[in-house]
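The listed protein sequences correspond, in order, to chains A and B.
No gaps in the numbering here: position 30 of the first sequence is 30 in the working numbering, and each next residue is one more.
No gaps in the numbering here: position 249 of the second sequence is 249 in the working numbering, and each next residue is one more.
Calculated directly from the structure, the hints in this document are not laboratory data.
Some clues are possibly wrong.
Derived pair list, reagent style SDA-like, types lysine to any residue, alpha-carbon separation capped at 20 Å [stated by the list, open to error]:
1. A:K532 <-> A:K110
2. A:K413 <-> B:A45
3. A:K272 <-> B:F129
4. A:K384 <-> A:D236
5. A:K214 <-> A:D528
6. A:K214 <-> A:G109
7. A:K384 <-> B:I182
8. A:K413 <-> B:R238
9. A:K384 <-> B:D52
10. A:K384 <-> B:L7
11. A:K126 <-> A:H177
12. A:K384 <-> B:A45
13. A:K384 <-> A:E472
14. A:K384 <-> B:L62
15. A:K384 <-> B:L46
16. A:K384 <-> B:P121
17. A:K156 <-> A:D528
18. A:K373 <-> B:L46
19. A:K267 <-> A:A325
20. A:K276 <-> A:N517
Since the model is a prediction, treat every value here as computed from it, not as a measurement.
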Amino acid sequence: MTIATLSRRTLLQAGGALLASTALPTATLAQAGSRLIVAADSEPKNLNPAIVASNGVFFIASKVVEPLAEASFDGKDGLAPRLATSWEGSADGKSVTFKLREGVKWHDGKPFTSADVAYSALSIWKPLQNLGRLVFANLEAVETPDATTAVFKFSKPTPLQLIRNALPVVSSVVPKHLYEGTDIATNPANVKLVGTGPFKLTEYKPGEYYRLTKNADYWGKGEPKLDEIIFRVLPDRAGAGAALEAEEIQLAAFSAVPLTDLARISKVPGLKVISKGYEALTYQLVVEINHRRKELADLKVRQAIAHAIDKNFVVDTIFLGYAAASTGPVPKNAPEFYDASVPTYAFDTAKANALLDEAGYKKGANGTRFSLKLRPAPYFNETKQFGDYLRQALAAVGIDAQLINADSAAHQKAVYTDHDFDLAIGPPVFRGDPAISTTILVRSGIPAGVPFSNQGGYENKELDGIIAKAAETVDTATRTELYKQFQKIVATDLPLINVAEWGFITVARDTVQNVSNNPRWAVSNWSDTALKS
Amino acid sequence: MRLLRDLVRTPEGAIGLGILTALVLVALFAPVLSAGDPLRIAGRALLPPFTDPAFPLGTDRLGRDVLAGILHGTRTSLSVGLAAALAAIAIGLCVGLTAGFAGGLVDEGLMRVVDAFQIVPSFLLALAFVSVIGASVPVVVLAIALGAWADPARLTRAQVLSIRERDYVASARVIGMHPAEIAFREILPNALPPVLALSAIIVAAAILTEAALSFLGLGDPNVVTWGSMIAEGRNILRSSPSLSIFPGIALVVTVVGVYLFSEGLTKALGGRRLEP
């Protein structure tokens, strides 16, 4: 077609055809039987949850590869059985016996046995997995007396409580017959997952989507209820809300819809905003403190900073109410450990000013006492906004905080390797047990370069002692009591300041059923998720 | 003065000059028009514009005054734009003059460096520079200048190449003037006008680059800039579009003002360029 013959009519026709061609696939996607279309915002390079125990991987892989047990709102010990049906620890804390489910098959048809569990534990969880390294540090052997029993043997007492709390995250089982004798890190099964879960990973188009289809041989009776799950890659966060409204997707988890859009989205008919289902994935908003700085080494200054922060403002204005004010290093979502009877720091500018005066840092002629470098972590909008807020809150008590923004890599290097910060704002995750999460932020003796750990030079022998003792205390009650002491000391001595804790938000069409019915729902297997037609 | 008269005679020049004068006044008197730190949390969050006389343009996500942000943002935008353009033109003039006047190997060498800088997209260069060194106003200025000096360098060199063959340059050489003196007193003043016309465009581009850097979170977080205001407003574009629209309008007005000024300047200089 030459330009000369390009009339308005042909242009309109061509335009119409173009529109139709883009509209067609989405229309067919939305109509198909029980196919759930979900927004995905990242495409992990390695999809193997046994190696990379992170939420980005679990979001997709947890439907394919299952753990021994999943978190549960009402199950015993807060767990629901998956590949294991029961677990029992010995009195000396040196062995744990798992009874495994019978009649489970891998997606390639081979039977699932205790040998797979033993192989995953010894060859992958313990040596390769980010969290498994900590939990299974003292794992010596896994005995398999029969095909449905696995006995974990530890060289040192390892608390069953810790293992239980960590099970949903660290215990993804992968097939021994595909991994044995190969280079695990480069095994093709890390991308083309083979598991026992309710869905099989059938197709992955980089930059477009992951397609998961029903596993007809799944061990759960009548499950899965969906025929297909499509994870559509939508890297632009602003796009998820629009895609939900246009019914291109039916579910967006992990706060893919920004908090500020929720008030509007919740009024759209047919969409619901759900803040449940992330209880085991609580993020904590923390002010990390560099104790090498002389002013910040003074407890009074740290108390003053704690008093200068209006936690209600943070919760209501920055998180728009989708968060809770923190009291200490353990979030309220961990009721097993949470202790409310710790010292708290009410918002009180006058008291903060008085404390700073007492500490000997009087206001200078220009109204400031001293200057600090403040580095907010760039991962969330909310951490950056809290940075802006904290600068103003500190200005109100005469501390001049200079913000330094950096990308993730530069931020991590500056804070956790180079210690080039005075205050930093971090969003650490509480992983169900203090031993594998919040204690690392205050324990001393961690080498420089370990991300999301205590790099502020804080050292408290008493606290270190409690943490070390709790790590090998087998008795659950004693261990819990130790962590209550831990919370008291942290809240009193303020090695860091816990400001708020928050989970994510799911937005779903109301046709999607059984959403958020466990504390790790977004990263659980979705075997009972269904679509109402 | 004659240049100013010529400038005001063109309609573009008059409007552009008007806008720029207004902006410069706003920038100079921002601390008087709105006292205190424009980033301080002044009121209730997300007040809509034109509802509260204390906050004529409303407040943002954290309750910061939008009007204060825009007034103080004028300072940042103009100062970064002007400083970056000045730096770019200073570097460009020196390099162009040296290359054109010295000729030979020096010329070849310098021009290949210019080529190298022209090949790299200037925004990417600024982005890389700021993310490596860290965001602060001087670094942003340098980053923008780094991507903008190549054009004035080429232009200056071309001018110098033609001017250095003129009779008055030859006579200056004959009477034994020092080459540096010839370069700076005889050639530079005559090579300057087209470069000055280009400078306004560089200022406009620098303002936009600064806004884009801030939009991407690579501006100085301790000063308020229009780019960062737009970026913060973007997240709530659907519910409070005014947060992005007002700084956007400010940006458009400024850039249009600078462009019109540069058009007028080019026209006003047009008649004078060939005069010795």
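Notebook entry, point to check: Between A:K214 and A:D528, is the straight-line Cα distance small enough, at 20 Å or below?
Noted result: This hinted pair holds, its Cα atoms lying about 12 Å apart.
Notebook entry, point to check: Are A:K384 and A:E472 close enough, with their CA atoms no more than 20 Å apart?
Noted result: 38 Å, violated
Margin query: What's the verdict on A:K413 and B:R238, does the C-alpha distance respect the 20 Å limit or exceed it?
Written below: 36 Å, violated
Note to self: Hinted pair, alpha-carbon criterion (20 Å max): A:K373, B:L46. Please report holds or violated.
What the structure shows: Violated, at about 28 Å.
Item checked: Holds or violated: A:K272 to B:F129, with C-alpha atoms at most 20 Å apart -> Answer violated: A:K272 to B:F129 is near 44 Å, above 20 Å.
Notebook entry, point to check: Given the proposed pairing of A:K214 with A:G109, does the C-alpha separation stay at or below 20 Å?
Noted result: 14 Å, holds
Check: Does B:A45 lie within 20 Å of A:K413 when you go C-alpha to C-alpha?
Finding: 34 Å, violated
Notebook entry, point to check: Given the hint that A:K276 pairs with A:N517, does the C-alpha gap stay at or below 20 Å?
Noted result: 8 Å, holds
Notebook entry, point to check: Is the hinted pair A:K384 and B:D52 satisfied, with a Cα-Cα distance of at most 20 Å?
Noted result: Violated - the C-alpha atoms of B:D52 and A:K384 are around 27 Å apart, more than 20 Å.
Check: Holds or violated: A:K384 with B:L46, Cα cutoff 20 Å?
Finding: Holds, at roughly 18 Å.
Margin query: Hint check: A:K126 vs A:H177, CA-CA at most 20 Å. Holds or violated?
Written below: 19 Å, holds
Margin query: Next pair to validate is A:K532 with A:K110; report whether the Cα-Cα distance is within 20 Å.
Written below: 34 Å, violated
Of the numbered hints listed earlier, those contradicted by the structure are 1, 2, 3, 7, 8, 9, 10, 13, 16, 17, 18 and 19.
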